[in-house]
Amino acid sequence: MILVGSFVVVALVLCMAAVLALFGVTHVSMSGAEAIERDGLAPGMRAPVWSLVDAAGQVVRSPPRAPLQLIMFTDHSLNAFPSVVDGLREIMAQERLEIVMLTRRRSELAEPMLRFMGLDGISVLTGSPSLYAAYNVRVMPFAIFVDSAGRVRASSLVNEAWQVTKLLQLADLPLEPDNLARRGRFRRPTAGAGV
Amino acid sequence: MDVLVLCAKTAVACLLIVAGGAKLSDPASFASTVRPFIPLRVAWRLLWAIAVGVSLAELAVGLASLTLPAVTALNIVVLAVACAFVAVSALGYAFHRGRSCRCFGALFQRKFTAAGVLRSAFIATIAALALGHAGAAALRLDVTARVLLFAAAGLLALVAFTAARARGPGREPEPEAVAQ
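Chains A and B, in that order, give the protein sequences.
Each residue of the first sequence is one higher than the one before, starting from 1 at the first, in our numbering.
Each residue of the second sequence is one higher than the one before, starting from 1 at the first, in our numbering.
This is chain B alone, in the form it adopts within the complex (with noise of 0.2 angstroms):
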């Protein structure tokens, strides 16, 4: 039982990450992901904005919960992001069907779908399963396994910004063009 709680919380933060990281890669596409959920008209800097506060808060969730494992409140913290998750692919199915959803930048063409959705409803599992009890030796860290941990995490979130950029097209048109 202690190994799949670590694996899934792992698991979860490694995911926050990598979505994290490769949403960062192309902030303008996930503005404009973020665009139809937002009631009110905008600024694009401010959807730009939200973008790359997404981004950022999703990667350093994962990072935390990645480097603080005896931390449990950041379990929890994982929690409601991934439930945020599922009320977003629902939402996204809901009104946006058929849209990309742009979860992980462009290292997969995922949509708005009802596959979509049950593969939150199935992070979210994994992160509720995160919760469970984990030996506290387990998740004893010294100075080096941290500074190994964050390096790995930092990794990670290199690797996946630079897969999504290659990934990617790239050259996106710059806003002001899109607006003409």
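Isolated chain A, as found in the complex (with noise of 0.2 angstroms):
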């Protein structure tokens, strides 16, 4: 025996129960390390346009002149990431490549901190709070390379050198869509492994 119009019943207990699932999904993603991982752009993105001057008084842009530009969204308190300093040092001599850092307010020890790093080549640019917001950037270190035509090529948080590197060269690969879902999030390489 089934009570007259029992299948209203079910069908909102059923609705509420999967309405209250995607809320606990959705809670999930949208905080902890799930979430830190989405940070960024998608590479293929149109990256941010901005001017600003750096301490020395030279104006640097973004789309940069330099076909490659690398962005790194951080502070004095990269001297935290001993090896992320590592994998700067390793790829800043490349021609093709411009290294600025972008910090979040001004931050006076930035600049003596990176030549007392052996990282004084690189332009340390004040940017804010709003411009962290257009690049989805919430945790520093944060790296992001945007290409000559102002497109977005690679996009991840780094805390190692490896990781350094294989955005880099990750940013050399060309925008297409079999490369698109390899880029912006990486996994450790496994010994013996090729990027």
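Relax, there's no trap hidden among the hints.
Label-pair ranges, simulated between beta-carbon atoms: (1) 95/A <-> 90/B: 50 to 56 angstroms; (2) 114/B <-> 159/A: 34 to 40 angstroms; (3) 35/B <-> 149/A: 21 to 27 angstroms; (4) 21/A <-> 146/B: 22 to 28 angstroms.
Hints were generated in silico from the structure; no laboratory data involved.
Every value quoted in this text rests on a predicted model; they were computed, and no experiment measured them.
For every residue, glycine included, the Cβ atom is placed at its ideal position computed from N, Cα and C.
Now that you have both chains on their own, put them together as the hints suggest.
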């Protein structure tokens, strides 16, 4: 024996259960490590356009004149990531690459710190929380590669040298659909595996 | 048995609404999943239109199944859709194994795997179960109940859309950038 209109009850209960489950899924995805993994901009996107003056009075633009620009979202706290510094040292000699440090707010210590760590060719630019938001960056140090056409080529949180160098390799891949899936988020390479 | 049939019917309808709503949040990604299934080289806009069409069709069938439970023909349509899922999963497993299927947009990172084929078969089984007989009284809806169900289905689609958008990269490359 079944009650009249019991379909409504069953349907509403299941609908509400599904809504609650989706809320749970969304809550998990918007907090913790999983959310941080989605920071930055997807490769192929148009990067924000800006021009800022560095401490030496030089105007730095994005998109860059150089073929590739690495925007490091960090400040003097970069000294807490010696491996990232090693990674930057490894790639900063490349002529086709312009590296800039974009701080969230004015950081008097940033430039002396870079000099001290042997990264004195890197321009320090004072950004803003809104510029960070435009790049969808919340956690530092974060690296975004932008090409001269103003397209994001690679983007990720970086904690170690190999991540910096691998991002540069990813940034060199042409913007094709098959490559897009491999960009942005990457996994630690296994022993013996190529990048 | 009646309760089982009602649950099966509602579950598949909810699933279609969630899948449709989630896919609509990112048609470009779903279009890239559709592309390998079309043997001809077609324009990106057409792929995008197909992706949106499939998403809307899923949403519409789910919505109709939920708000018009007494229309038995809809059960057959739902079963046909579920069988199409099985066929697509099997084809995907055979020819594009390991690629993202985007069955639920960015909500769940499902891929074309053997487990995916089994999941689709399970959904088809539930859809077949929904073909069973349920008492006419149980399926009788007045206007208020229908409006209530419509609102619940709309809410479910909206939440699925929003959740998929929140979970996905959200800032996907523009099509012309992909074509460079």
